[in-house]
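Colleague: Each chain, letter by letter, is given below.
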Amino acid sequence: MASVLEIKDLHVSVEGKEILKGVTLNVKTGEIHSIMGPNGSGKSTLALALMGHPKYEVTQGEILFKGQNIVELEPNERARLGLFLAFQYPLEIQGVPLGRFLWAAKKALMGQSQADGQPDKKADAKALSEFRKQLQEKMKLLKMDESFAQRYLNVGFSGGEKKRAEIVQMHILKPEIAILDETDSGLDIDSVKIVAEAVNQLRGPDFGALVITHYQRILNFLKPDYVHVMIDGRIVRSGDESLVHELEAKGYDWLIHETKAKAVR
Amino acid sequence: MSTLRSFSVDTIAEQAASRGEPTWLVQKRVEAFEALQRLPLPESRYTKIRGLDLNAFDFAGQNAHHAHIGELAAEREAVHIQLDGQILITQVPESLQSKGIVFCDMATAIREHPDLVKQYLFHAISPSEDKMTALVSALASSGIFIYVPKETVLTEPVRLVYLLDEPSVAALAHQVIIIESGSSVTVLEEAYAKHPDGPGPHLHGTISEVYLGEGARMQFGALQNWNEGTYSFVRRRAHVGRDAKIQWTIGWLGGRLTMSSVESRLVGPGAEMEDIQVLFGRHKQHFDLTSSLRNMAPHVKGEIHMKGVLKDQARAVMYGFIRVDPVAQQSNSYQLAQGLLLNDGAHCDAIPGLEIEANDVRATHGASIGPIDEEQIFYLQSRGLDREQAKRTIVEGFLTPTLEQIPIAGVRERFHAFVEQKWNE
Ligand SMILES: Nc1ncnc2c1ncn2[C@@H]1O[C@H](COP(=O)(O)OP(=O)(O)O)[C@@H](O)[C@H]1O
Ligand SMILES: [Mg+2]
Numbered sequence: 000m001a002s003v004l005e006i007k008d009l010h011v012s013v014e015g016k017e018i019l020k021g022v023t024l025n026v027k028t029g030e031i032h033s034i035m036g037p038n039g040s041g042k043s044t045l046a047l048a049l050m051g052h053p054k055y056e057v058t059q060g061e062i063l064f065k066g067q068n069i070v071e072l073e074p075n076e077r078a079r080l081g082l083f084l085a086f087q088y089p090l091e092i093q094g095v096p097l098g099r100f101l102w103a104a105k106k107a108l109m110g111q112s113q114a115d116g117q118p119d120k121k122a123d124a125k126a127l128s129e130f131r132k133q134l135q136e137k138m139k140l141l142k143m144d145e146s147f148a149q150r151y152l153n154v155g156f157s158g159g160e161k162k163r164a165e166i167v168q169m170h171i172l173k174p175e176i177a178i179l180d181e182t183d184s185g186l187d188i189d190s191v192k193i194v195a196e197a198v199n200q201l202r203g204p205d206f207g208a209l210v211i212t213h214y215q216r217i218l219n220f221l222k223p224d225y226v227h228v229m230i231d232g233r234i235v236r237s238g239d240e241s242l243v244h245e246l247e248a249k250g251y252d253w254l255i256h257e258t259k260a261k262a263v264r
Numbered sequence: 000m001s002t003l004r005s006f007s008v009d010t011i012a013e014q015a016a017s018r019g020e021p022t023w024l025v026q027k028r029v030e031a032f033e034a035l036q037r038l039p040l041p042e043s044r045y046t047k048i049r050g051l052d053l054n055a056f057d058f059a060g061q062n063a064h065h066a067h068i069g070e071l072a073a074e075r076e077a078v079h080i081q082l083d084g085q086i087l088i089t090q091v092p093e094s095l096q097s098k099g100i101v102f103c104d105m106a107t108a109i110r111e112h113p114d115l116v117k118q119y120l121f122h123a124i125s126p127s128e129d130k131m132t133a134l135v136s137a138l139a140s141s142g143i144f145i146y147v148p149k150e151t152v153l154t155e156p157v158r159l160v161y162l163l164d165e166p167s168v169a170a171l172a173h174q175v176i177i178i179e180s181g182s183s184v185t186v187l188e189e190a191y192a193k194h195p196d197g198p199g200p201h202l203h204g205t206i207s208e209v210y211l212g213e214g215a216r217m218q219f220g221a222l223q224n225w226n227e228g229t230y231s232f233v234r235r236r237a238h239v240g241r242d243a244k245i246q247w248t249i250g251w252l253g254g255r256l257t258m259s260s261v262e263s264r265l266v267g268p269g270a271e272m273e274d275i276q277v278l279f280g281r282h283k284q285h286f287d288l289t290s291s292l293r294n295m296a297p298h299v300k301g302e303i304h305m306k307g308v309l310k311d312q313a314r315a316v317m318y319g320f321i322r323v324d325p326v327a328q329q330s331n332s333y334q335l336a337q338g339l340l341l342n343d344g345a346h347c348d349a350i351p352g353l354e355i356e357a358n359d360v361r362a363t364h365g366a367s368i369g370p371i372d373e374e375q376i377f378y379l380q381s382r383g384l385d386r387e388q389a390k391r392t393i394v395e396g397f398l399t400p401t402l403e404q405i406p407i408a409g410v411r412e413r414f415h416a417f418v419e420q421k422w423n424e
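Residue numbers (numbering that gives the first Met the number 0), protein chains in the order written: chain A, 0 to 264; chain B, 0 to 424.
Isolated chain B (complex conformation) (with noise of 0.2 Å):
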């Protein structure tokens, strides 16, 4: 077991060095491990992080290569999945291949495609962000490198997925996402406990940038669902291209703390993003979820939903924060928060963020939170519904307009029957 009291600026740098990674990446690593030892944990006043010692997890899996599984993966799919942090497997199938697609997990790409992994590993996400993104900067090697040529629609998901097993073994992700002008990729990423109720703790970190082209379009839709002993940290920033568009759908149901920040640079004229957040929580489960908005070109357009079911001592803030910049004019944006609290002890805070440095846009946003009505409770229950199916009917007809939303129709259905399990449970 290595501990991250086992690991000095020149154990790092050395590990870095041994495999293969090139001086300035090597820099990056550094410069990550002295701002995770000097930043604090990202606490607010909404998110108090209690229980995690970082000291406490095994870092030394990070660069093993596991066996081949096959029955996580169909045959004919791009797919990537990782155990408590180890590859067990990356496909791409050849088809893809041969259309210059690249997908690949990162040391590959660090020795195959050096120049692109340049150009783009570390340029939308600091290393030095906060602590937990200095985290997976420094000790994450493995990770996944996608490049999607020009001109090139891929009609299948290209899947990413996550699975958490070993108790106290820390599990850390970097994603790089490159979609060229003219092309067209959804990304499905699954992030799944092995056991649902096995023991905890667990920690993940997850950093993903994203870079879309001119005209490029991006689908990507997320499920999470940890077990309640994990701590889990995902940052992912997305540049946006002229007149490309990326779609956000992220369903969260699981986790001991969720700490999640989406932003969205609209850097092109005529960029449009969309982001769509549900979350479905319940025990003493703590999800502090921020999106972003940055407008920085004009003609952009940009809207966020974020809805949440709070059950039992479930806590959650949700965090919209729309920032226009003084060039971003007729841009367009909305952002909406709203949460359902089943009973007493469920807690939910909606904190809107609208920063307008341009004259000429429409920026709006609304929240609602509050319990479960019980006038509607009765108008079911009159109609012969229990009490408990009168629930149940108001909180799906709370999420449905949402998750009708989202594009992809795997993720729908699938966080639909978490909920169920999770209410039946």
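If we strip away everything but chain A, and leave its shape as in the complex, we get (with noise of 0.2 Å):
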């Protein structure tokens, strides 16, 4: 059975302020949904939102996975049920290697803390040495260099290392739901290419994901099944990849217009 992301009516206020006025989404397992739409629309806010960012508020509506209602769980909960982020921004940590860190989080996400009783040392090494393996192909897909797993997370990385390094991670991770926001931007056309082979692989019957992107230029390659366009702090139009077409050609002022015309009425 399908996971299914289900946001209803969703209202945030960040410091006070409301920027999602009410988004009504379902996002399945098996789905690529796209949201598109002008700066400052309230993308960032959704996807901070979705993985429990404690300065986005949800002061109206939910937000269900897998029929949970996780509005009220830490960001690592919803990690743990299948909900991953790939941040528009991913933070500089130094000090932790990428790689370290990499296997810290997986094994959270496995509740290695609570396993069975006896740590297991020799299953332990095992899962570590198969990790390390996983991590070099990973690497490898997204064409970033072996030493990046000893490098301090996102330290020192040009924005399009940091792009590709979160694609690394959440194939580490394997989430069912995948939230990728704006990983596209600042990409050269060739790291676009990666990136969107990298999220097709992923693709299959497990695997979702909820595209935030300004360009059509990824969306050519992921093909996504629905698209959305998000105007301040609103879904205001749901189509297939045509509409993907019909904003390069027509830009957003239309929507805009049309949404501005929509509230005066």
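Among these hints, one or two may not hold up.
To be verified - Ranges of calculated distance between the beta carbons of each label pair, as one might list FRET restraints:
id	chain 1	residue 1	chain 2	residue 2	range
1	A	G29	B	H415	31 to 37 Å
2	B	P370	A	A122	38 to 44 Å
3	B	G369	A	Q215	39 to 45 Å
As the list claims (entries may be wrong) - Sample of chain B residues at the chain A side, in silico, Cβ under 10 Å:
id	residue
4	D372
5	E374
6	I376
7	F377
8	Q380
9	S381
10	D385
11	Q388
12	A389
13	T392
14	I393
15	G396
16	F397
17	L402
Said to hold, decoys possible - Calculated from the model, a selection of chain A residues having no Cβ within reach of chain B, i.e. all distances over 10 Å:
id	residue
18	G60
19	A103
20	Q200
21	A248
Keep in mind the hints are simulated off the structure, nothing from the lab.
Model, not experiment: these values are computed from the prediction.
We treat Cβ as the ideally placed atom computed from N, Cα and C, and that holds for glycine.
Two independent chains are provided; combine them into the complex using the hints.
Modeller: Now the structure itself:
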């Protein structure tokens, strides 16, 4: 059965200011959704609220994942349920090597801390060596040098390297639903292709994604099943891939006008 | 029990003489004792000394020798162990003795190496510099004297171990370390509470005088993990000769109040220093840490890194002073202080001081102090770590680049282990 992320009439405020004004959207495993929209329309707010950022307060509505209301859950609890966010602006963490961190995250997600009583050293060592191999493969897939595993998390990475590292992390942590917040921004076309291919590789009945983007070029590679347009904290239009081309041709202005006209009425 | 009140100038002089100390040293003791009575506690804007009554401590144990306890000392190492101010053991392997290395307690040094002692004892540090230095100078008859002759390389670290156990016992120590030209030594000081949760108060004072000859090298590593009822005062000063290099690496974990001053005087051209100090404070601990770099010759080079993690209501002030004398042209100095605050009650100040009297020099400093970043916590949590794990990961990461610079593996690893332990308690 597919896992569903159900967003129902979601209102989100930041520092007392309402940014999302009633968003309703369902994302199922097996589907790729895309959200497009002008700058400042609330796309990142949606992504961060879904992941449980403490500054983004849900004032109305619900977020259900696999039938469970997750609004009160900590970000790590959401991650354990199978949610993942590739950050628009990945954080730099001094002194924490990427590889070691990912291993800790993976163990946390697998719930190793309460693993059946005694830790099995042999099994642990085996899991670790498998992890290392897997990490190497994933770095190769994203065309990142192996040495990045030893480097401190995102510290001194270029913008593009940070974004590709996010996708490496996604591949290692294997979420059911991934939210990609402008992962393609700031990437050259080759990198966009690399990232899109990596996302496509995960595609299948057990993986769904909500791809937030500003540009159509990544969507040309991803071929999303659904496309939504967000303006001023609302989804104002949903459709299939053809909406991307319509937006490409006409821009957002006509939708903005339409939204305003509606609001006046 | 003999409290501070039971001493007078006369008894100080009498006792020193009866220990066979030469007249000049008796004079120093008297000078120190007078200063002790005259000087105020070393408080500052950032450090108030609360609850310390110097008259509540027993200074009697200063001279006694304790029975040998073997389990703390490995057989073939040079090691000096003091418990509550009393010397448990001062041992040096024959192989080092035969190279002319002196490693003995101060009383023995005064007896057997009077000329060396006269040349160096109270040369870098004056007995009346401040109240606590005066206290140690007047009353510390136990201590360690290390002399390494020319062109001698010690491959194994020399260990100095200080233990505190009985409450209300004052433990004072004087260290004199002389590394002659071309020689190289690692000194590792460990200062621990015998019972980490034992009752206080304890009073501890150390003064440490270090002399490096031409091209000499010393790595000085120290770890302090007193219990949280201990008042601890440390003053170290090194004279670093031509092309010599001193590396200080100090990890601070324990104590109720810790005041420390480390000063490196780069007296010879091309001399170098590096001072890495890392602290982890919790509960109501207070740390007042100073690192001073004085460039007194051309082409010298110095770096100060101070890093603090503070939890609960812990407080720290980190002073980094750089002074460049007019002669110290083409010198290079750098100072960095960083503080990470884990919660609202914790506090940290970084006070830089730059005094530059030469024109062709580089001297830079930086400081950053702030709370743990919620955005970073969220990022790590979004990948599956719980909040506590995320904070820990950030703290470890904060310390890691500095710990990795510590040249002595034992200090690095044990500091890590202590932080782990403190975190889990
Ligand atoms: N952390 C924040 N603090 C204050 N305002 C914020 C914060 N995050 C977003 N906003 C505001 O919310 C609105 C939507 O921003 P955002 O969700 O980042 O848009 P998008 O990702 O679509 O460009 C903007 O007006 C922005 O200024
Ligand atoms: Mg955004």
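Colleague: All the hints need checking, so say for each whether the structure fits it.
Modeller: Now the hints, each set against the structure:
1. Between G29 of chain A and H415 of chain B the Cβ separation comes to about 46 Å, which falls outside the hinted range of 31 to 37 Å.
2. In this structure, P370 of chain B and A122 of chain A meet the distance hint of 38 to 44 Å, their C-beta atoms being roughly 39 Å apart.
3. In this structure the supplied range 39 to 45 Å holds for G369 of chain B paired with Q215 of chain A, their Cβ-Cβ distance being about 41 Å.
4. For D372 of chain B, the interface hint holds, since its Cβ comes within 10 Å of a Cβ in chain A; the closest pair sits about 8 Å apart.
5. Interface hint at E374 of chain B: satisfied, since its Cβ lies 6 Å from the closest Cβ of chain A, which is below the 10 Å cut-off.
6. The criterion of a C-beta within 10 Å of any C-beta in chain A is met by I376 of chain B, whose closest approach is roughly 9 Å, and the hint holds.
7. Interface hint at F377 of chain B: satisfied, since its Cβ lies 5 Å from the closest Cβ of chain A, which is below the 10 Å cut-off.
8. The interface hint given for Q380 of chain B holds, since its Cβ lies 4 Å from the closest Cβ of chain A, which is under the 10 Å cut-off.
9. For S381 of chain B, the interface hint holds, the least distance from its beta-carbon to any beta-carbon of chain A being 5 Å, beneath 10 Å.
10. The beta carbon of D385 of chain B comes within 5 Å of a beta carbon in chain A, closer than 10 Å, and the hint placing it at the interface holds.
11. Against a cut-off of 10 Å between C-beta atoms, the interface hint on Q388 of chain B holds, since the closest Cβ of chain A lies about 7 Å away.
12. Hint status for A389 of chain B: holds, given a least beta-carbon distance of 8 Å to chain A, under 10 Å.
13. Here the hint on T392 of chain B is kept, as its CB sits about 6 Å from the closest CB of chain A, short of 10 Å.
14. For the restraint placing I393 of chain B at the interface with chain A, the shortest Cβ-Cβ distance is roughly 6 Å, inside the 10 Å limit, so the hint holds.
15. The criterion of a C-beta within 10 Å of any C-beta in chain A is met by G396 of chain B, whose closest approach is roughly 3 Å, and the hint holds.
16. Interface hint status for F397 of chain B: upheld, as the beta-carbon distance to the closest one in chain A is roughly 6 Å, under 10 Å.
17. Against a cut-off of 10 Å between C-beta atoms, the interface hint on L402 of chain B holds, since the closest Cβ of chain A lies about 9 Å away.
18. The beta carbon of G60 of chain A sits about 21 Å from the closest Cβ of chain B, which is more than 10 Å, so the claim that it is off the interface holds.
19. Here A103 of chain A does not stay apart from chain B, with its beta-carbon only about 7 Å from theirs, under the 10 Å limit.
20. With a least beta-carbon separation of about 20 Å from chain B, Q200 of chain A lies farther than 10 Å from that chain, consistent with its non-interface assignment.
21. Annotated as non-interface, A248 of chain A keeps its C-beta farther than 10 Å from every C-beta of chain B; the closest such distance is 36 Å.
Violated hints, listed in ascending order, are 1 and 19; each of the other numbered hints is respected by the structure.
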